[in-house]
Amino acid sequence: MSEIVLAKFRIKPGKKKTWLNWCAQLKKRKNEVLKTLKTEGVTIEACFLSQNQKHIYYFMQAKSINRAKHVAQKSNYKIDSEHKKKRKLSLKKVELLKELFHFESK
Numbered sequence: 724m725s726e727i728v729l730a731k732f733r734i735k736p737g738k739k740k741t742w743l744n745w746c747a748q749l750k751k752r753k754n755e756v757l758k759t760l761k762t763e764g765v766t767i768e769a770c771f772l773s774q775n776q777k778h779i780y781y782f783m784q785a786k787s788i789n790r791a792k793h794v795a796q797k798s799n800y801k802i803d804s805e806h807k808k809k810r811k812l813s814l815k816k817v818e819l820l821k822e823l824f825h826f827e828s829k
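Residue 785 in the working numbering sits at position 62 of the sequence shown, with consecutive numbering throughout.
Just so you know, nobody snuck in bad clues.
If you anchor each label on the Cβ, the simulated ranges turn out as follows:
| id | residue 1 | residue 2 | range |
| --- | --- | --- | --- |
| 1 | 780 | 804 | 21 to 31 angstroms |
| 2 | 799 | 823 | 35 to 45 angstroms |
| 3 | 824 | 744 | 31 to 41 angstroms |
| 4 | 824 | 736 | 33 to 43 angstroms |
Hints listed in this document are in silico derivations from the structure and should not be mistaken for laboratory results. Quick caveat: nothing in here was measured; it's all calculated off a predicted structure. All residues carry an ideal CB built from backbone N, CA and C; glycine is no exception.
Assemble the whole structure, with the sequences as input and the hints as a guide.
So this is what it looks like as structure tokens:
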């Protein structure tokens, strides 16, 4: 079974447009994103904007979350370094949500 994680981030004051523009850029660069996800062993990565537009919820599914994080930290892909910069500039981690259940149908 895969591992999953859901994190909540607060959008820093004045940085919502920066983050939304970056998300749009990621969609345009889908092939680059998929290449890095494959390298990290990530099967799903998704980002959601809260209804009040003040928070981001980040979901990831991977064979190993720790391995995925380790590979991402060591990545030489340009898009990964850009992503880290945009995330640091735009978001502040609020909390890692606790998983209550997780089912996968095969």
